[in-house]
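Trainee: The listed protein sequences correspond, in order, to chains A and B.
Okay, so the first sequence: first residue is -17 according to this note's numbering, each after it adds one.
Okay, so the second sequence: first residue is 2 according to this note's numbering, each after it adds one.
It should be emphasised that the hints constitute simulated quantities derived from the structure, not laboratory data.
Just so it is clear, CB atoms sit at the ideal spot from N, CA and C, and this is done for glycine as well.
Do not rely on the hints blindly, as some may be mistaken.
To be verified - Simulated pairs of lysine to any residue, SDA-like, Cα-Cα distance not exceeding 20 Å:
(1) A:K100 with B:L452
(2) B:K477 with B:T151
(3) A:K125 with B:T87
(4) B:K110 with B:T87
(5) A:K100 with B:G222
(6) A:K125 with B:I533
(7) B:K477 with B:I416
(8) A:K105 with B:R233
(9) B:K110 with B:E86
(10) A:K105 with B:L236
(11) A:K105 with B:L302
(12) A:K100 with B:L228
(13) A:K100 with B:R233
(14) A:K100 with B:S235
(15) B:K402 with B:R172
(16) A:K105 with B:I84
(17) A:K105 with B:R223
(18) A:K100 with B:T232
(19) B:K110 with B:I533
(20) A:K100 with A:I62
(21) A:K105 with B:S235
(22) B:K477 with B:F524
(23) A:K125 with B:R223
(24) A:K100 with B:E448
(25) A:K100 with B:L236
(26) A:K100 with B:L454
(27) A:K100 with B:W237
(28) B:K110 with B:G400
(29) B:K402 with B:I84
(30) A:K105 with B:V521
(31) A:K105 with B:L228
Claimed, not checked - Residues of chain A clear of chain B, computed beta-carbon distances all greater than 12 Å:
(32) R(-2)
(33) K18
(34) R19
(35) Q77
(36) N90
(37) R99
(38) I165
(39) K166
(40) D170
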Amino acid sequence: MTTKSTAETDEIIICRDVHKWYGDFEALRGVSLTVKRGEVIVIIGPSGSGKSTFIRTINRLEEHQQGEIIVDGITLSHDIRNIAEIRREVGMVFQQFNLFPHLTVLENIMLAPMNVRKWPRPKAEERARHWLARVGIPEQADKYPGQLSGGQQQRVAIARTLCMEPLILMFDEPTSALDPEMIKEVLDVMRDLATSGYTVLAVTHEMGFARTVADRVIFMDGGLIVEQNTPTEFFANPQNERTRQFLSQILSH
Amino acid sequence: MTDIAPDAGGRPPSIPFWRDSRVLGVLAQIAFFTLVVAGLVGLGRNVAGNMGRLGENQLLCRDGSSNFRCAFDFLRLDAQFEIAETVIAYDPSDSYGRALLAGALNTAKVGFFGIILATILGTATGIARLSSNWLIRTIARWYVDLIRNTPLLLQLFFLFFGVILLLPSIRQAAQPFGLPIFLSQRGINLPGVALMPSFTLWLALIGVGLLAAGVVWWLLGRRERRLGRDTRRSLWALLMLLLFAVPGWFVAAAAGAGNQGFVVAADAGIATPADVAARARAALGVDDLSAVEAAVAAGELTPEQVEAATVTLCTVEGAPAEANAAAWLRRAAVPYDVERAPGPNEAIRAYLDGDCRLLVLSRAALTAAAVPNSAIVPLPETPLRLDVPRIEGLNFVGGLKLSPNFAAILIGLVIYTGAFIAEIVRAGILSVPRGQSEAARALGLSEGQRLRLVVLPQALRVIIPPLTSQYLNLVKNSSLAIAVGYPDLWSTAYTTLNQSGRAIQVFLLVMGAYLSFSLVISFFLNWYNRRIALVER
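One chain only, chain B, in its complex shape:
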């Protein structure tokens, strides 16, 4: 103790360096830095040594020599393996690099939709857990407890092998609540929206509407400041937008009326699309085509009769005209069938060969083809057409299609992560002091306003940081997709590794890819979190 007390000369006491907190702090940093550098150097030498032992082909350059610079040149080699579903075009003759990219995009797809759906499910469940309704509260608690306390891999296996693969076959696809949603062993088919050529015009008109709404908003804002009273400018701006969007729909539809059409024999007596339905009615001898199915079931019509009255279309694979014609025929309840050709010339040849009754193409293609002995009937269109999936042969056609593997990994991750997000949301809401709710109530705010204006904005600040980790977990857990056969990044990387033997390079790439996904998510959420941070001092 004596060396701490000031000495006789009044100088500050001298402290031995091993007790000086400043010296100790610097020493600790030096020690830590040395350890990290030593660790990295050891790791690097180990990698280099392993690469050397694995042989020169690990580092093969295209000119046949071997160099560290060429460690990733194998990515240009042909992958020669199939990927069941991809976002971008992919073929086994493409390179390993493209295969990995296809896998990474599949992972991004699961991550993107997974995060959105898990957030919705988690928020709803989190609020439900705080509900005053016993049943809602209890169901939410059971869901959270059950899901949080069982392994994700087990849940994925159960979902895939125990639920999705046990769904009915495609012919008996389940349709929950009679909606156009089809659940079968082949996965989930949902209705989609097909964009027609006139969609571009409609979009442009909406853009003009937005511009006009902005001008109205600005003008009324000035007026508001001048007069000092409310002018309901959000209402007027919305009205302005609708003024362009709603008539714009019909304008675009009218402008696109000649875009598409179909060809019929000139002597068939069909001048408008409605005549097709009339012909079908006459052929079947019914007044109402929607009653055909019931009539077949009752034995009043034979399947052969229906078969004979079925209208066959020849069209090009993926052409908007097909969705347009199909939507129109479906509304008129005309039984129809589609023959798809890879290009317009093949479609025209199929029509000339007599494979189909109608040739459905864009107006320009029909005019150019100048099919002999035929008339072109314009097909009306709207900017968007509902695209409902329907069974053709052994597959669903049209709409959105989720493969069983994608459905399994997506639903599995959403259910699993949703349970964790629910707890985060619940904790966030509970973290807002009681006094905030009391003040809101005392001021006369309704319960909905209290939640929306006072509680949730504050809860969000507590929710965002742990929510970020859950989003990252979801993306990282998506590597379990390999268990349900969904070709995600890790699944394609694993095949690449097995075929190419470049274990270290593949691992580096995959880790780098997951790291970038995580950094992107963290970046956005940290940015958002900073934006909504509370101002204090």
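So here's chain A without its partners, still in its complex pose:
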């Protein structure tokens, strides 16, 4: 088994000097970040700044070429067993929901617990219904994703992630593909989760969410973490010129 030297410590994610290249283009130029258990972190930054790429390296949807990533004491390497173990601990919600269109809502949620965690069907179904109720749409269990609104689909995607009982939740621009009137229902769910003990890494443009829920706001630009601070300090008193520029652009309208 993997050594869990830091498993009992407070630091659940440790990234040291993470680099990522796409051919000649360096998307991540040495990102270092330590996340404490239960911490809620919001990552913001202009498009192409590497924020999505960064959180996707943490569950190996993107491979980093240099640096070290340790999640809950497991070092991310080419060892597929480590990768599988990390993916069980890290849940991810995508911009485009990525629900499985050929399965019902309930089957979407039960698929991974039954096949990865090897839960028997009755237990998986019970947990799936529990999480579906938690995100507020228990009545949609037997519909197909194509029959739901965008906001409902994203909530199903969140329930699907939660049913795997991860320690860490990662959100990759979860509201960017939603109509304005549906953003609130998803943000409400996210807010509920952020205050109930999960470690959260969220890439989002929702500054209200960042302001009210985050323990720490991180600003990325050009593949680097430019600035990080508590939300109050970050929005009131940005230190870096690029941060100020970015904030003035998105807060001006």
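Guided by the hints, dock chain B onto chain A, whose structure is given.
Mentor: Using the frame of chain A, we list chain B on its own:
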């Protein structure tokens, strides 16, 4: 523009009919319908005119008169041509109708096996084309590009004249990897499975096992719902089935132990089949009969000695007892030879004439025959016996036999259609959005689970419609069988046409037959496609 604007009275503007989309739509339909009807009428008159010109014998009735009603009566006439291989019994004295039916069934045979094999080959190649392994990917790409870009007829000729007919002669048949598969100019011979009389009992026991498995499945399902936990009911149901199937095999074998037997001279001292092997060992002076071949090669035994020790069986053509006895003798490595008679009486006469050492028949026939001065030795059986092809004289006997012509058209069509199916499978897999794979990976599914549970079920929806066309292409392309001498529908129809002169009728029949094949395939795949369609809204 003025006539579009509402006029002073506020009435809707009037549109001239040549700009009214509703009127234009109706007019277009009327025009199209008129064209189609005119075309059909012209075609019908042309056919009728040609029939008339070809003479009255085209429409000959049995009473000698001539009428359109009798256009297809020629199908009852004697065909008087040979068909090299048929699924149903056929003789040149049978009618044209039966000849065409035999041809149609041959086409169906190629289509059925072709579709199954092309699907397997195509799916494997399609997945291989997306492999991360360079060698596998490249080989798959070369195969697809080479096959898709050369004409099928050329490939069939090459396969038939350049490969199959150049295979070794039957005596030197190639045996790839030492398997009991024989490739020769005479085609491909594969091992088959012979059904013994006790197979029926075994099948019945399996049926009972299935029933029991169903009951277990249902009971455990109820228990699962009551207790709310998994009871591994698929495992228990399978176990239940095996509980009947495995002992059932031995039960059926024991029950069938007396079904078959052979007759030996009462004074020969043979009481069990094992004594036959013992006699052969004694006659050859060896301890191990499987070493006989090597001994002959080394010159320690002469072929004449082996010939003398060879056990000859008299039996009835196609009797299960032959496969049973042969399987048993082969396992004991006893050299043997078979004399086949058309019926039990002929077999018994051959035995009495001294043509063979053993008379192998069903127990009932042996008892009825009551051969004088002889003992009946029961021959053990199992519900299924492996039937391995072996050379007898100038032919292979036993097992499954693919004629060179059938092998050529089947393999040719499978290789050709497989290349197209590979591209369809590849496109289907690529059509599943990347996000689906990412979500599957993020949830921790393994690569195999990702393919099986997420990607392939979705790819299938994209794959089925073009796959249907490939299946139809395979069946239609099977009409090229005439080029490699396989008597398919078109080949027998062409002979029928030449002999009977009924060109129009034969063409109508053949087109109708291919159309029905295609409709059946389309019907099944469309039904399947509807069943797995995505639900949206």
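Trainee: Hints broken by the structure, by number, lowest first?
Mentor: 3, 11, 16, 19, 23, 30, 35, 36 and 37
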